[in-house]
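Protein chains in written order, with this note's numbering: chain W, 15 to 136; chain P, 15 to 136; chain U, 15 to 136; chain B, 15 to 136; chain F, 15 to 136; chain X, 15 to 136; chain R, 15 to 136; chain Y, 15 to 136; chain C, 15 to 136; chain D, 15 to 136.
It should be emphasised that the hints constitute simulated quantities derived from the structure, not laboratory data.
Bear in mind the structure is a predicted one, so any value in this text is a computation, not a measurement.
Where is the CB? At the ideal position from N, CA and C, for every residue including glycine.
Heads up, a few of these hints could be off.
Once the Cα atoms are required to be at most 20 Å apart in a straight line, the calculated SDA-like pairs of lysine to any residue come out as [stated by the list, open to error]:
| hint | chain 1 | residue 1 | chain 2 | residue 2 |
| --- | --- | --- | --- | --- |
| 1 | D | K70 | D | K113 |
| 2 | U | K70 | X | A111 |
| 3 | R | K70 | B | C45 |
| 4 | B | K73 | X | A63 |
| 5 | P | K70 | U | V44 |
| 6 | W | K73 | Y | A111 |
| 7 | R | K73 | B | E61 |
| 8 | B | K70 | B | S102 |
| 9 | D | K113 | X | P46 |
| 10 | U | K73 | U | V23 |
| 11 | C | K70 | C | A100 |
| 12 | U | K73 | U | A88 |
| 13 | B | K70 | B | M15 |
| 14 | R | K70 | B | A64 |
| 15 | U | K113 | W | F53 |
| 16 | F | K113 | F | P18 |
| 17 | R | K73 | B | P46 |
| 18 | W | K73 | F | K113 |
| 19 | U | K73 | X | P130 |
| 20 | C | K113 | R | A111 |
| 21 | R | K113 | R | K70 |
| 22 | B | K113 | R | E39 |
Computed far set for chain P versus chain B, every beta-carbon distance over 12 Å [as the list claims (entries may be wrong)]:
| hint | residue |
| --- | --- |
| 23 | G49 |
| 24 | F85 |
| 25 | E131 |
10 protein chains.
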Amino acid sequence: MPDPSLLEVFDAPTSSPFLIEHVAEEFTSVCPRTGHPDFGEVLLRYEPAASCVELKSLKLYYQSFRNEGIFYEAVTNQIRDDLVAAMSPRWLQLITAWKGRGGIRSRIVAAHGPVPEAWVRA
Amino acid sequence: MPDPSLLEVFDAPTSSPFLIEHVAEEFTSVCPRTGHPDFGEVLLRYEPAASCVELKSLKLYYQSFRNEGIFYEAVTNQIRDDLVAAMSPRWLQLITAWKGRGGIRSRIVAAHGPVPEAWVRA
Amino acid sequence: MPDPSLLEVFDAPTSSPFLIEHVAEEFTSVCPRTGHPDFGEVLLRYEPAASCVELKSLKLYYQSFRNEGIFYEAVTNQIRDDLVAAMSPRWLQLITAWKGRGGIRSRIVAAHGPVPEAWVRA
Amino acid sequence: MPDPSLLEVFDAPTSSPFLIEHVAEEFTSVCPRTGHPDFGEVLLRYEPAASCVELKSLKLYYQSFRNEGIFYEAVTNQIRDDLVAAMSPRWLQLITAWKGRGGIRSRIVAAHGPVPEAWVRA
Amino acid sequence: MPDPSLLEVFDAPTSSPFLIEHVAEEFTSVCPRTGHPDFGEVLLRYEPAASCVELKSLKLYYQSFRNEGIFYEAVTNQIRDDLVAAMSPRWLQLITAWKGRGGIRSRIVAAHGPVPEAWVRA
Amino acid sequence: MPDPSLLEVFDAPTSSPFLIEHVAEEFTSVCPRTGHPDFGEVLLRYEPAASCVELKSLKLYYQSFRNEGIFYEAVTNQIRDDLVAAMSPRWLQLITAWKGRGGIRSRIVAAHGPVPEAWVRA
Amino acid sequence: MPDPSLLEVFDAPTSSPFLIEHVAEEFTSVCPRTGHPDFGEVLLRYEPAASCVELKSLKLYYQSFRNEGIFYEAVTNQIRDDLVAAMSPRWLQLITAWKGRGGIRSRIVAAHGPVPEAWVRA
Amino acid sequence: MPDPSLLEVFDAPTSSPFLIEHVAEEFTSVCPRTGHPDFGEVLLRYEPAASCVELKSLKLYYQSFRNEGIFYEAVTNQIRDDLVAAMSPRWLQLITAWKGRGGIRSRIVAAHGPVPEAWVRA
Amino acid sequence: MPDPSLLEVFDAPTSSPFLIEHVAEEFTSVCPRTGHPDFGEVLLRYEPAASCVELKSLKLYYQSFRNEGIFYEAVTNQIRDDLVAAMSPRWLQLITAWKGRGGIRSRIVAAHGPVPEAWVRA
Amino acid sequence: MPDPSLLEVFDAPTSSPFLIEHVAEEFTSVCPRTGHPDFGEVLLRYEPAASCVELKSLKLYYQSFRNEGIFYEAVTNQIRDDLVAAMSPRWLQLITAWKGRGGIRSRIVAAHGPVPEAWVRA
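Chain W with its partners taken away, still in its complex shape (with noise of 0.2 Å):
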């Protein structure tokens, strides 16, 4: 079941902005309708306020959803929401893109504070 306890953060290396991106490319949950798998990838995009998340927690708190039955959208709502809650960033992009079902494939884009216009696109 999801767990945003998983998450740890650690202090950013500087106070100058920079931006940090981790495309986790083999995220899987359950369909709740059908109970069949999705599978996806899960880019994170955020620029760092005092803390980042560190990455070996980025990825057990992602299988933490292997066999939890969630629909593309909140499966992205909660990610957002779980990592600025752990990271408190100054801006935050969390875009979710889904293989195909019955033929068609779905991307959700969710966001947090002023995503710079460079970067809204995926």
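Put chains P, U, B, F, X, R, Y, C and D on the given structure of chain W with help from the hints.
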């Protein structure tokens, strides 16, 4: 025959803005001039207000065009209108990309409401 | 409904051996189990004996499967049989490649006569 | 010889703004200096006012350049002018992309009216 | 837990030889050493004797490995064995291709019966 | 009109066996049925005996098909015959690959003499 | 030795604004430090005022750098300057992209006049 | 150990603004947590003021990180700082892109001075 | 320094023949002539007899070359020999593919035992 | 002028058979007919007997063709002959692939000794 009553919606999981994109790679209708089938891809991109289109109902709605004789421009505008009517989104973009006919491939781009500059381009 | 009478042939322009390959990228039929459309690509490769299949008639023949409920394996074997009956080629290979369903994409390979080793593989 | 009278238009299916793009991948004309054929791709992008160019007539119009001795720049400007005259679009963009000659490949970009910033780039 | 009883077969539509290939792009199991999920692609290629594996049952069978702790080599050999037991094919090839772990990506190739030379290679 | 007299040859620079391949990416002729242009790529592969075809003369010979109404199969066989007559190679392979017409793209493969197994495939 | 006198211009075919782009894929000069050849691609993009550079003369001008010992930055600025002197364009952009040396590949971007925002990026 | 004294600069060949980009595809350092090597690509993009970094010295400087235990974020910020100190550029952008670890690949983007909007995005 | 004692093996899970392939994308050693690092990819392909190499131990073994001055040919032959000594496979193929140096990229192919014809080629 | 004395060899590190491949992506010579430069890629593949060609000397040898007026076929045969004379390999394959001239790109394949069937094809 195109049947907008197939479209079902569900409540948006959050009131904070986010973007949804569904790419249907296997759209087909019929050219009303020649009777030959047309094949294309339909990109739907929108920001929900209160409701989102349900994915399986979207697929069935697209399938209802299978044997309809209809031009590229009309397909694109009708899908845009039907989805706007069903969801009343904050903005919506509908882009159809058609496989080549006689060495010419085409795209039609229709929109509703204020598409953010970063997302205007297909 | 699949209609082999649509197939027209013309005399091969030479009696010396040569190979013809037609790849139809926009084949569609219907899954008899679910009623949902299937989309695929049909590769026909053959060495003519006395006659060749005419390209436009091949296209119309393929279109006659559009609303037929038929499994992958049956489509492939039927097209192979209809083309062999129409052309009596020295050898013929028919390969269908289907877009993913539930995360699984498929190919079916049927043949008639002695396909040269170099051309067996799709 | 280039023949703009081949261009036919039809009424735009809606008065709300939308964008149409046709990419002709098989354009050919003749270099007036060397007599050798030139091969290229013609991208037409426009927002219709009251009328749209009919696709088959566009193809025939492009074919009328087949044996014309004409430079890249002149082709591009003439097609732009002929299409503007035929359709009076809100804006129009015409981009030709030519295969390499002597190790140099070229693109020519011509426009009419206010092309939206997001679509300026080829 | 892997469950071969999920596999269903149907009668081959013809007794003449043909080849079937199913590529499942979204296979996942768990590494028994680390507990981390493994992600891979499973290619099944076979020539049916009297029966073929039903596609949806194959998908459910693959899903039954989702939370199983099992090594690459064991997964590959077990799937090969279960499919051979279910279908008794003339020959069968089972290839798993795994996403990188620690900068190393792997493939395991198992076979049953005389795979034709042209199809041996993945 | 196709003009084999344009073909010039030069003496092979060595009597030891070697292979020459020329791929002309910009071949065009006219469909005799519809009058529309056909576009394709011509791959010539051969082992010279005493003489090689000169590259610029080959280009001019290909250009002589520009306004000829001729079917795919006939083009391929004629080029093969004209080149064999001009060069008397040890073996020669001529493969034409045509852009899609009505969603079907085609290749024609003609040969002369013993093409080595490794080079048979396009 | 680089020879700007090789550059020839012709009158722009129209006074309305348009854009011209020439990409030379086979540029080579010599590293003045090591004496080893450098290989790169030269992208020229400009909006003509009264005159355009003739394509074959551009090719010969680029070839005049073949045995010149000159750094990346100097090549780029010199070509920019020579072309501006020859054509007096409304604006001009010159981008060189160099193949890797010691695992590092480079690009140099020089401009003259107001390059439109949409075209600044290579 | 990272050694900024390896960086050598040379005078910019012109005082007019231009952009330089160096992409080092073979960067490696060591993860301080696990001791395993990290592999990545370093993109440096800048507009020189009075001086440019010499390419071979840049390569040696990057190599000095080979056996350093250092996190992604620290590498990126240190290279940015060292290069700014060595060159005092008008602006500079430093982007590191790291190969996947545990199924997650990362990019870090640091900047100095006013990066033009068109070049902000990697 | 290369350390074959790092290699661990485990019992093959079956005695029936199967093939294992591991591609390590991040191999690096040092050129003994120049002292500069070399970067490459190591493909290992083998059929186990009684034992298989354990994946993590293989990774650590490869890492032991990190600071070794050694030529391409010697690396390839040494890895082949060490793996053959550790596993006594039925056959084994070891292919190293090196990134470009001075515009030349290289591959070295070493083998042990009877590699099946279909798998000889990299 | 081509200078085979630049070629240096070193002793093969093992007497057991192995294969070496060097791909030089930046070969250039001059067309003796037109005086224009030719650009191509040279693939060398061989099995050493007692000696191997040293990589830097190979690069310098290739560079010695830079200003030589020489046809594709002659370049290929000369490099083959010079390398055979320098190394006396068990077998050797030399393939040159040339960028397009007038829309035609070419490859020349020369060999010495018994090239294994699996490696004949470029």
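Tested hints:
| no. | hint | result |
| --- | --- | --- |
| 1 | D/K70 to D/K113 | violated (24 Å) |
| 2 | U/K70 to X/A111 | holds (17 Å) |
| 3 | R/K70 to B/C45 | holds (12 Å) |
| 4 | B/K73 to X/A63 | violated (45 Å) |
| 5 | P/K70 to U/V44 | holds (17 Å) |
| 6 | W/K73 to Y/A111 | holds (18 Å) |
| 7 | R/K73 to B/E61 | violated (37 Å) |
| 8 | B/K70 to B/S102 | holds (19 Å) |
| 9 | D/K113 to X/P46 | violated (33 Å) |
| 10 | U/K73 to U/V23 | holds (13 Å) |
| 11 | C/K70 to C/A100 | holds (15 Å) |
| 12 | U/K73 to U/A88 | holds (19 Å) |
| 13 | B/K70 to B/M15 | holds (18 Å) |
| 14 | R/K70 to B/A64 | violated (43 Å) |
| 15 | U/K113 to W/F53 | holds (17 Å) |
| 16 | F/K113 to F/P18 | violated (25 Å) |
| 17 | R/K73 to B/P46 | holds (18 Å) |
| 18 | W/K73 to F/K113 | holds (15 Å) |
| 19 | U/K73 to X/P130 | violated (34 Å) |
| 20 | C/K113 to R/A111 | holds (19 Å) |
| 21 | R/K113 to R/K70 | violated (24 Å) |
| 22 | B/K113 to R/E39 | holds (12 Å) |
| 23 | G49 | holds (14 Å) |
| 24 | F85 | violated (7 Å) |
| 25 | E131 | violated (6 Å) |
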